[in-house]
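For chain A, the structure is supplied; the task is to place chain B on it using the hints.
Number of protein chains: 2
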Amino acid sequence: MAVITIIGAGMMGSAMSIPARDNGHQVRLVGTHLDTEIINALQETGMHPKLRRTLPEQIQYYPIDGVETALLGAELVICGVSSFGVEWFGSQMLPKIPQGVPLLSITKGLELLPSHTLRPFPEVFEHMLPSDRGISCNAVGGPCTSYELADRHQTHVVYCGRDIAILQRIRALMQTPYYHISLSTDITGVEIAVALKNAYALGVSLAIGLAEQSEGIGCVPHYNAQAALFSQSVREMCGLLALLGGKPENICYGAGDLYVTIFGGRTRLLGTLLGRGLSFPKAMQELSGVTLESVAIASRIAQAVRTMAAKGQTNLNAYPLLIHIDEIINGDAQVNIPWEKFTINA
Amino acid sequence: MAVITIIGAGMMGSAMSIPARDNGHQVRLVGTHLDTEIINALQETGMHPKLRRTLPEQIQYYPIDGVETALLGAELVICGVSSFGVEWFGSQMLPKIPQGVPLLSITKGLELLPSHTLRPFPEVFEHMLPSDRGISCNAVGGPCTSYELADRHQTHVVYCGRDIAILQRIRALMQTPYYHISLSTDITGVEIAVALKNAYALGVSLAIGLAEQSEGIGCVPHYNAQAALFSQSVREMCGLLALLGGKPENICYGAGDLYVTIFGGRTRLLGTLLGRGLSFPKAMQELSGVTLESVAIASRIAQAVRTMAAKGQTNLNAYPLLIHIDEIINGDAQVNIPWEKFTINA
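Chains as they are written, first to last, in this note's numbering: chain A, 455 to 800; chain B, 455 to 800.
In isolation and in its complexed conformation, chain A is listed as follows (with noise of 0.2 Å):
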């Protein structure tokens, strides 16, 4: 049995712990500084308040102060923290890792460099690190949302890094009946279909609100309209992973946690709200103003493509949903889907 110190105690960070303890690992789960009333919670009551569910017993808790002692002697360090958060990972957090422990990032997506290049935020974090630390950078992909793992619900992820001898002994610490893990050394590959999934999930939301523009709040959805946004983000999604370097079969990742994403949260909410008819800002207020990592991420990628297309490299008539999507974050358009830009004859 192994520790295993999971720092960042949010939704899918303490739902790490799960798999880790039906395993009979000794779990520390470390508090960030914005997860004070969260620890406070866990350790009065064991209960996670934005979990809502009951963690293991035995789980050790930790506020933000106490993560050396946490990481003393671990075997595996979680990342537990949203993309915005990795700065300070990098920064405050990645120093403290003892020398060759491997880091296993639950943390999506793609920073955007000055020069309008993404970087995938496990390359992120190498590049934070002095290359003789030995510690080698992971991440976790896939369609698996915090509720149904914390419930043990069957799943499928994806760890990816860059030594497979590495990722088969981080599976074989957190694999269990009910988490199934796949291995992958394309780390560009698996970031950008995860990351692209948040984009795109904001896109096949936006015929949710449409129809409810024309039929009313509740009406029965029109499939049609989700389909063909559906289709087309694939379509996109395959010349983006082509056009950014990852292997092509990383599209079954992305279409998995597309299809999830769009069920719940506020992403889709956020595209629901878009489609009726709100502008972006109008939109943003519904949700109190929180930046959505879907926002974030398109954003990005958007940049990054018309920078590429700008310097001859790709063109963007072949991703006009993400371009629409951009136009209605960045450039305050209203939504207009395209719809006839998605026809090809191929």
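Please note that the accuracy of each hint is not assured.
Note that identical chains are pooled: a pair holds if it fits in a single copy or bridges any two copies.
As the list claims (entries may be wrong) - Dumping the calculated BS3-like pairs for lysine-lysine here, alpha-carbon to alpha-carbon at most 30 Å:
#1 K765 / K701
#2 K795 / K736
#3 K795 / K550
#4 K795 / K701
#5 K504 / K736
#6 K701 / K550
#7 K701 / K736
#8 K765 / K550
#9 K550 / K736
Hint data in this document are derived by calculation from the structure and do not stem from the laboratory.
Predicted model, so just to flag it, every value in this text is computed and none were measured.
Structure of chain B alone, referenced to chain A:
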């Protein structure tokens, strides 16, 4: 304005009359021997009893023995029969189509030849035609429910056929501001993609029933499991497209069509019943014994893949979900999703 003759007054054949009429064409809808009640109702009230929609005015309705009259002067013939009517349509209707008039078939799928190879329906029709008839056989793929087409919801389909100029002519007849049409000369790729979605929609729906088996009918869906099956479906569909000779980009039609098929209809119901623990014969009883296209297609594709595997042309381990579906349908197996077989190292 052209004369467009639709043979087969089922839901999708009849729904095709709507974009055709909206473009001002003269539309003739011919009922097969199975459509007598539908044609009678349409002639009396204009209301389609299965589609539950009033069709546009000025459509001319014909019983099957009026088909020769209905075909006089037609510029496009639409075949509106299901895959179970293909043999009948090929032998009884094809010979009546005037020289040089193109055919557009809404029938999706593949025939299994005695050699256990698959043939897409447009090619099945070609093989039934003397080569000097000059009849181009084309087909519709992509996600489209008949109800929503009839309601003029935004819809994106793909027409496939050998001759891009003919496809463009058909598109010009049928496209409307809500009915968007891509074109493809990759008949095999389009037909495989849209046939596969039938088989895999059954596979994804198993998760609905499995959740209900453990938590009760109507429980909150298990999206992680559905998404894992969706991911696996996309992976296997990509593999089967390559194996069976379709271009990889057709996965977008397959994935979009899979997305919409999961939401409703009898394939979802069958998958749900099987997931709840009913045997295949019991589940078919609940469905009043009507054979579903999804069952027929899953069986055919599995048979073709098993034959190719026996010849060393592929490995069944690449299609664990398809093989499990086939075992349930044709091998009396209970549902027992091989989750761990879905994991890969790449």
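Within, between, both or neither: how does the pair K701, K736 come out at a Cα-Cα threshold of 30 Å? neither (38 Å within a copy, 43 Å between copies)
Taking 30 Å as the upper bound on the Cα-Cα distance, should K765 and K550 be classified as within, between, both, or neither? neither (41 Å within a copy, 56 Å between copies)
Should K795 paired with K550 be assigned to within, between, both, or neither, using CA atoms and 30 Å as the limit? The answer is neither: 50 Å in one copy and 37 Å across copies each exceed 30 Å.
At most 30 Å between alpha carbons: which applies to K550 and K736, within, between, both or neither? This pair counts as neither: shortest intra-copy Cα distance 42 Å, inter-copy 59 Å.
With identical chains, the pair K765 and K701 could be close in the same copy or across copies; at 30 Å between alpha carbons, which is it: within, between, both, or neither? For K765 and K701, both the intra-copy (23 Å) and inter-copy (29 Å) Cα distances are at most 30 Å.
Give the relationship of K795 and K701 under a CA distance limit of 30 Å: within one copy only, between copies only, both, or neither. Classified as both: same-chain Cα gap 26 Å, cross-chain 21 Å, threshold 30 Å.
Intra/inter-copy verdict for K795 and K736 if alpha-carbon distance must be at most 30 Å: within (27 Å within a copy, 46 Å between copies)
Reference check for the pair K701 and K550, CA-CA at most 30 Å: within, between, both, or neither? neither (33 Å within a copy, 49 Å between copies)
Identical-chain pair category, K504 with K736, by Cα at 30 Å: Cα proximity of K504 and K736: one copy only (26 Å, versus 42 Å across).
Hint violations for this structure: numbers 3, 6, 7, 8, 9, all remaining hints satisfied.
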